[in-house]
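J.: Letter by letter, the chains look like this.
Number of protein chains: 2
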Amino acid sequence: MEKLTLHEDPRSGNCYKIRLTAALLGLPLERVQYDIMKGETRTPDFLAKVNANGRIPVLQIGEQFLPESNAACWYLAEGSSLIPSDRFNRADMLRWMFFEQYNHEPNIATLRFWLLFVGEARLTQFQRDQIMAKRAGGEQALQLMDDHLAAHDWLAGGALSIADVALYAYTHVCEAGGFRLRDYPAICAWLGRIEAQPGYAAMD
Amino acid sequence: MEKLTLHEDPRSGNCYKIRLTAALLGLPLERVQYDIMKGETRTPDFLAKVNANGRIPVLQIGEQFLPESNAACWYLAEGSSLIPSDRFNRADMLRWMFFEQYNHEPNIATLRFWLLFVGEARLTQFQRDQIMAKRAGGEQALQLMDDHLAAHDWLAGGALSIADVALYAYTHVCEAGGFRLRDYPAICAWLGRIEAQPGYAAMD
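So the sequences go chain by chain: A and B.
Residue numbering for the first sequence follows the working numbering, starting at 1409 and increasing by one per position.
Residue numbering for the second sequence follows the working numbering, starting at 1409 and increasing by one per position.
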């Protein structure tokens, strides 16, 4: 495989997904760090060269740039046991990854970012007005996962996959966003199964 | 392939993505319709059998149920020319599909739903307060697509793929959400290329 470079902010769970996938696969990954709080991913140079969308993570593969965390996990994991070999299970894994970006990340990651990095006192009124809806949406996403994991060890295909990695990233730190993990016992057991995997790497 | 049934509300662009993918591939698809405005996807029966997340579309494959529109498009298109054969291009296609669910759909599809189906007069204050941010987010997503399509005929891999289908669905009806397609000439030309494809099927 060509040289892999992760353009990241190490505080971001989306960036961590890619590091964890690479760690589980034993792939070396160089890291280039940006401070999103200082606008370092919105500079003309970053927009022209790394990602016109002004966001991290971006996985650089040789001279090609791949934005979107879950697409980068897919790239790294193709051909490995982290993607199910059965057609339905492979699509079902993607189902959980799209759920992550639509129902989980915008609620749970955003509340963590607001409360942990921006700070409640510095939130705008527009942000404050969204907290209740994001709290409810995040709890609904966690409950859906908990119900599923009460009957399945893994999210898709009966084995660890990048769907588990994608949803692990912000779930295991959701308490920083004001969610209570002890309300979701099946999630807690699943977090433990992931952390026991050979090659597991913790978030910085 | 096993019998394919689409659980849908025909007004939903997310459901239309799956119909358009099947049409381009010549796959027959039975349709079961629900009225989301009447809560027909939140009944105990729907939650227990079709999708615990209470949402359409769901693609039923024999006796298996697959939620999430983009995962369903992936399932249908596997092994066809609608998914690039090159590893980077395949991940780059998924990049655009995750962008669609994170940056495009929550802004453009939501404003279309609010303005066309709920009606501006019946929006809650909480919804009204979000219109400006969703307008800006949607315009940013369309501009990013327009800039890319000014230099590329298709979103990923140099050919029509399910990334084009996924982003076509709500882009071609974005004016119902108050966006102006004439501001995005490269998008307009790309819409025409998709509509000229053999097998193309229009939204109901």
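Careful: at least some of the hints might be erroneous.
Since the list gives no way to pick out one identical chain from another, each pair is judged satisfied if it fits inside one copy or across any two copies.
[As the list claims (entries may be wrong)] Distance condition first, Cα-Cα at most 30 Å in a straight line; then the derived DSSO-like pairs of lysine-lysine:
1) Lys1542 x Lys1457
2) Lys1411 x Lys1542
3) Lys1411 x Lys1457
It is worth saying that the hints were derived from the structure and are not from the lab.
In this text, all values refer to a predicted model and were calculated from it rather than measured experimentally.
J.: Run every hint past the structure and note whether it holds.
T.: So, going through the hints one by one against the coordinates:
no.	hint	in the structure
1	Lys1542 x Lys1457	between (33 Å within a copy, 27 Å between copies)
2	Lys1411 x Lys1542	neither (38 Å within a copy, 38 Å between copies)
3	Lys1411 x Lys1457	within (17 Å within a copy, 46 Å between copies)
Checked against the numbered hints given earlier, the structure breaks only hint 2 and satisfies all the rest.
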